[in-house]
Amino acid sequence: MSVSSQSKVQIAAALTAAFCGALLVLASQHAAAQSAAIPPLMLPYGSGWSGGIGGRTLAPPESYLPPDYLNSPEQLQAAIARGVPADKVKAYLQIRESNQLLPPESGIGPITDDPAHPFFNNGMREIGKPSTVRIAGLDSEAARNLKPWALEVVKKQNALALAGKNVEARHARCWELGVPGILEVPQPLYFIQTPDEVVMYNGWRVRHVYMNVPHSKNPPLTWYGESVGRYEGDTLVVDTIGQNDKSAVDAYRTPHTTKIHVVERYRVINGGKGLDTSFTVDDPDAFYKPWGGRRPRFLLPNRPLNDMDQICAAGNEDHFDLGLDPVPQEATPDF
Amino acid sequence: MILSAMKPKTLVLAAMALAVAAFPAAAHHSTAMFDASKTVTVEGTVKQFLWTNPHSWIYLTVADANGQTAEWPIELGGPGGLLRQGWTAKTLTPGMKVKATVHPLREGKVGGQFVSLILPDGKQLGDSSTDAPQ
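Residue numbers (the numbering used here), protein chains in the order written: chain A, 55 to 389; chain B, 623 to 756.
Simulated from the structure, these hints should not be mistaken for laboratory data.
Please read all numbers here as calculations on a predicted model, not as lab measurements.
Everything hinted at is true.
Over the 12 Å line for every Cβ pair with chain A, so calculated as not near, a few chain B residues:
| no. | residue |
| --- | --- |
| 1 | 667 |
| 2 | 668 |
| 3 | 710 |
| 4 | 745 |
Below, in silico cross-link-like pairs of lysine-lysine (DSS-like), each with a Cα-Cα straight-line distance of 30 Å or less:
| no. | chain 1 | residue 1 | chain 2 | residue 2 |
| --- | --- | --- | --- | --- |
| 5 | B | 721 | A | 183 |
| 6 | A | 219 | B | 669 |
| 7 | A | 219 | B | 660 |
| 8 | B | 721 | B | 669 |
| 9 | A | 183 | A | 210 |
| 10 | A | 142 | B | 660 |
| 11 | B | 731 | A | 209 |
| 12 | A | 300 | A | 210 |
| 13 | A | 142 | A | 327 |
| 14 | A | 210 | B | 731 |
| 15 | B | 660 | A | 144 |
| 16 | B | 731 | B | 745 |
| 17 | B | 731 | B | 669 |
| 18 | A | 313 | A | 300 |
| 19 | B | 660 | A | 183 |
| 20 | A | 219 | B | 731 |
We put the beta carbon where it would ideally sit given N, CA and C, even for glycine.
Just chain A, same shape as in the assembly:
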């Protein structure tokens, strides 16, 4: 080999080494950037994002509830109008949140209870209020946002509930809930994060969010539709279409159509103590305008998955003959 040939080989080797080194640096930088960009929604085993069930007082309300909700004069007024003592308002707002959608930071919010028939969930006995049934308030911006047919559905459910019939939320009757209806459930929410998919497990219900891919052109209509996701900084954004029209958007049975389009945003807040969850709903056949809401959760340690992994349907018949929704049954297997 000539000197000149040897030099060429040495130069080529040096260039190759430099190129590989640069690739390694870029790859490690990319990996670091990727891992830094993925918010840690997935918790160590034994911890969950509690919706409030049985643990409503286990976290300070300030650790996960939005300040504009907790300190809102409007919310204070609404609580007082429902007969909540002034010194119990903060507790009321915290317990209320354990199975109801909260208003958005701005804009049209979800349906709420009728002030003339205030809804107190089971936890409200902590503030001296016995449990009541849900009656939707129809004198609200949210109710006026309903298309006439949707308003009729809510009115029909109101009439049933006022007569003491069909007073249970769908999730208590073991139904699948759709989005955003599933956000109301009090069971802990668990995430499993992988690069291609985020799995959301919420009280025996499972959702699959496919990451960084577009929606299908015509996804088949299903209970939870087709969800695709992406990270925007520290926020997981989930975009869902393709839902069937069998679910309701809330426990007041507010209906929707197959055109429903929901965008959810999940963000860990307060050093990991809270999970900020907000969403928007667009369904031009059910609502005049898009609306939104929130459903914050708090970190609940020592709550292993199997502790809440209940069987819903066994023993869940309508024992008291209250005209409850039947527990769904399938006569033939789908496989």
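Dock chain B against chain A, hints included.
Leaving out everything else, chain B in the frame of chain A:
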């Protein structure tokens, strides 16, 4: 037999039932159908004991003052919570005579939410697992 008045001993039992278990299991539905401000104590014969999630159930055959019998459905928490409070699937068997205290249904129908129970041997059992928010 329906024992309408709530006795002091039952009051103690009810208080015990509410005091147990700082971390109640999931009562996953509303308790609005029950009148939590009232308790009714009934004496009857166990027809059926359903050891099931999310709620267990006692079907109790209760006779009124005229000797007419009715089936009282009584709702308890799920087996997980009940186990921690000393219950088993065999705690109640058909034919067993027991005294049960419940929060009655608001509509005046028979049945209610379980508060406490006295077994034939005098053993007392409570259940605090029916108080989660929903």
